[in-house]
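Engineer: Sequence:
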Amino acid sequence: MLPTGLKDNQPRESNSQKVHPQPMEDSANQNPEALESLISKIFTNISSLKSAYIQLQSAHTPYDPDKIQAADKVVISELKNLSELKHFYRENNPKPICVSPQDSRLAAEIQEQQSLLKTYEVMVKKFQSEIQNKDSEILQLQQMIEEANQKRAKLEKNLKLRGLSTKESEGSGDESGFYSVDLTPELFISAVETAFKAIHDFSKPLINMMKAAGWDLDAAANSIEPNVVYAKRAHKKYAFESHICQRMFSGFQHENFSVKVDSGEVSKETFFHQFLSMREMDPLDMLGQNPDSAFGKFCTSKYLVVVHPKMEASFFGNLDQRSYINGGGHPRTPFYQVFLKLAKSIWLLHRLAYSFDPNVKVFQVKRGNEFSEVYMESVVKNLILDENDPKPRVGLMVMPGFWIGGSVIQSRVYLSGFVFHHCRSEILSIMQAACDSLFICSRVEPARLASHSRAQAYIESSCTKTLYPSLCIQYLSVFANSTIETPQQLAQAALSVSLYKALQTRTFMLKVAKELKAMKSKDYQAVKDCLDQIGDSVDRLIQSVRELYRLEHPDAAGGDGVFWLISNVETWVSSAMTDARTCVDELPGKKVNKLKAVIMAKVLNVAQTASNALALFHRYAAKYKP
Numbered sequence: 019m020l021p022t023g024l025k026d027n028q029p030r031e032s033n034s035q036k037v038h039p040q041p042m043e044d045s046a047n048q049n050p051e052a053l054e055s056l057i058s059k060i061f062t063n064i065s066s067l068k069s070a071y072i073q074l075q076s077a078h079t080p081y082d083p084d085k086i087q088a089a090d091k092v093v094i095s096e097l098k099n100l101s102e103l104k105h106f107y108r109e110n111n112p113k114p115i116c117v118s119p120q121d122s123r124l125a126a127e128i129q130e131q132q133s134l135l136k137t138y139e140v141m142v143k144k145f146q147s148e149i150q151n152k153d154s155e156i157l158q159l160q161q162m163i164e165e166a167n168q169k170r171a172k173l174e175k176n177l178k179l180r181g182l183s184t185k186e187s188e189g190s191g192d193e194s195g196f197y198s199v200d201l202t203p204e205l206f207i208s209a210v211e212t213a214f215k216a217i218h219d220f221s222k223p224l225i226n227m228m229k230a231a232g233w234d235l236d237a238a239a240n241s242i243e244p245n246v247v248y249a250k251r252a253h254k255k256y257a258f259e260s261h262i263c264q265r266m267f268s269g270f271q272h273e274n275f276s277v278k279v280d281s282g283e284v285s286k287e288t289f290f291h292q293f294l295s296m297r298e299m300d301p302l303d304m305l306g307q308n309p310d311s312a313f314g315k316f317c318t319s320k321y322l323v324v325v326h327p328k329m330e331a332s333f334f335g336n337l338d339q340r341s342y343i344n345g346g347g348h349p350r351t352p353f354y355q356v357f358l359k360l361a362k363s364i365w366l367l368h369r370l371a372y373s374f375d376p377n378v379k380v381f382q383v384k385r386g387n388e389f390s391e392v393y394m395e396s397v398v399k400n401l402i403l404d405e406n407d408p409k410p411r412v413g414l415m416v417m418p419g420f421w422i423g424g425s426v427i428q429s430r431v432y433l434s435g436f437v438f439h440h441c442r443s444e445i446l447s448i449m450q451a452a453c454d455s456l457f458i459c460s461r462v463e464p465a466r467l468a469s470h471s472r473a474q475a476y477i478e479s480s481c482t483k484t485l486y487p488s489l490c491i492q493y494l495s496v497f498a499n500s501t502i503e504t505p506q507q508l509a510q511a512a513l514s515v516s517l518y519k520a521l522q523t524r525t526f527m528l529k530v531a532k533e534l535k536a537m538k539s540k541d542y543q544a545v546k547d548c549l550d551q552i553g554d555s556v557d558r559l560i561q562s563v564r565e566l567y568r569l570e571h572p573d574a575a576g577g578d579g580v581f582w583l584i585s586n587v588e589t590w591v592s593s594a595m596t597d598a599r600t601c602v603d604e605l606p607g608k609k610v611n612k613l614k615a616v617i618m619a620k621v622l623n624v625a626q627t628a629s630n631a632l633a634l635f636h637r638y639a640a641k642y643k644p
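Just so we're aligned: 58 in the working numbering is position 40 of the sequence shown, and the numbers increase by one with no gaps anywhere.
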């Protein structure tokens, strides 16, 4: 029997060959973890190869030679790793692994996750690159939009110029972007007010220059419209405004405004387009861009008829400006610039008038016509018409009137031969007549000249406790005399004022209703209903004044108690206020025209004066209450 040591050494010495205790297959079967580790390595290398390939692709867009070279090296490296694994497996003789199979598998998983992370990083960079590209596209689009807006602005400017040209175009207003303003009667009324103000603004420097040149203004006013009776010398300014208006509105009824242009029929859309395109532009700039436009010809012709050669020569010492304008030029002198503002306002009014369907019609009032509350408006305010006064007549037409649909925009006139009473004296006389007719008022004396009298101070302090103190002071100041010193006198005066305002408003509305009925206006019924309400207010205020008289005169009370009479006054005045406010609420209907607005203002004034009277009566009646 051989020794054990010799038996163990025998295999190592045989042919100097390495002999494994077990074959590879057996080893693999006995160590499945080692095989799993090998497979994990293979998948890890494949993931790394995928990541490297994606890096290579991203390096081409945008093209980056350095990144392409680096990514190519990574791809080659991963391919080499796979090749080594393949040879290792084929040799069926894997190298001894220092670490355990479990650690090897975990390391492979970590490497695979790192490869995925690199892949995601590449994807993020790719998305960031795409975002940068999109940002660049957005910037380019913004630049294109800015360029388009600049082109649009130039096109709009060209469209505006085309709207002023002698050859009128019928381009679509919607495409040019000018229809942000609605075509309404209110827009036309606003244009009328602008034109009237422009006439007034031009007449001021004209009159001042005439004064400076030594003109006889009285003779000049008389030459414009002879034998007009003016209530005040200052009213002669309306003669010059009338002269300007007559010349500027000549030809308004014609579509071309008596300006010769080589164009066919113009649509209403084009008229409105021209109005919108011109309204915000400076007239001198417009004429600088296109001096031979229809508007330019209009300015030339109107200046030559408004400003007389003799007048211009006296202003400037020569006719150089006139000659320049007559030749088609438009000087930048201050006087001509004021005239251009006037010309623009009248031209725009004409463009707007022909934008409506049907067209707005202009009407003029002749001298000597009877004054009509419906068709005319006095340029002198505080006009008070009494039923016993003769019907006033027109002395001058300062501004024509207009028909727009079924509504009237009143002509503005100066009334000749009519006394324009000062508000205070008229209120005193009519209120005294109303009180005398009822046999209930003591005589009202005219106000004394002392502006800071005791009565005035008493009135002002009492009015501060009313809802409308300014109105209260305005109307009751006519009673600022030594007799107005008690709450009873102040309450009586306040009720008299309310009655006077109601009577005045009823007289006004009677005339308006009569004229509306004659012309079969659609506003007649609404005005008639309001007139009935004001009639009721008058009746109730008369009753309240009578009850106040009975309260102060026991012999006239007929046995009625004090509190009964106080309640009656409060009831009648409150009812008068309700009637007036009902009219204000119901009169407007679907739309408010200028006539309705005037009526509403007068009726609201009745309600406000009644409110003040009721407040002052409450103060007076407080002495009877326990």
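Please keep in mind that the hints were generated in silico from the structure rather than gathered at the bench. Model, not experiment: these values are computed from the prediction. Check the hints yourself; a few may be wrong.
[To be verified] Taking lysine-lysine and the BS3-like style, the derived pairs with C-alpha atoms no more than 27 Å apart in a straight line are:
id	residue 1	residue 2
1	Lys538	Lys612
2	Lys328	Lys409
3	Lys399	Lys286
4	Lys612	Lys546
5	Lys136	Lys379
6	Lys172	Lys215
7	Lys641	Lys620
8	Lys359	Lys328
9	Lys91	Lys152
10	Lys68	Lys172
Engineer: For each hint, tell me whether it holds in the structure or not.
Structural biologist: Evaluated hints:
1. Lys538 to Lys612: 18 Å, holds
2. Lys328 to Lys409: 39 Å, violated
3. Lys399 to Lys286: 37 Å, violated
4. Lys612 to Lys546: This hinted pair holds, its Cα atoms lying about 17 Å apart.
5. Lys136 to Lys379: Not OK: Lys136 and Lys379 at ~83 Å, beyond 27 Å, violated.
6. Lys172 to Lys215: Given that 27 Å is the threshold and the Cα spacing comes to 33 Å, the pair is violated.
7. Lys641 to Lys620: 33 Å, violated
8. Lys359 to Lys328: 23 Å, holds
9. Lys91 to Lys152: It is violated: about 31 Å lies between the C-alpha atoms, which goes past 27 Å.
10. Lys68 to Lys172: Status violated; Cα separation ~56 Å.
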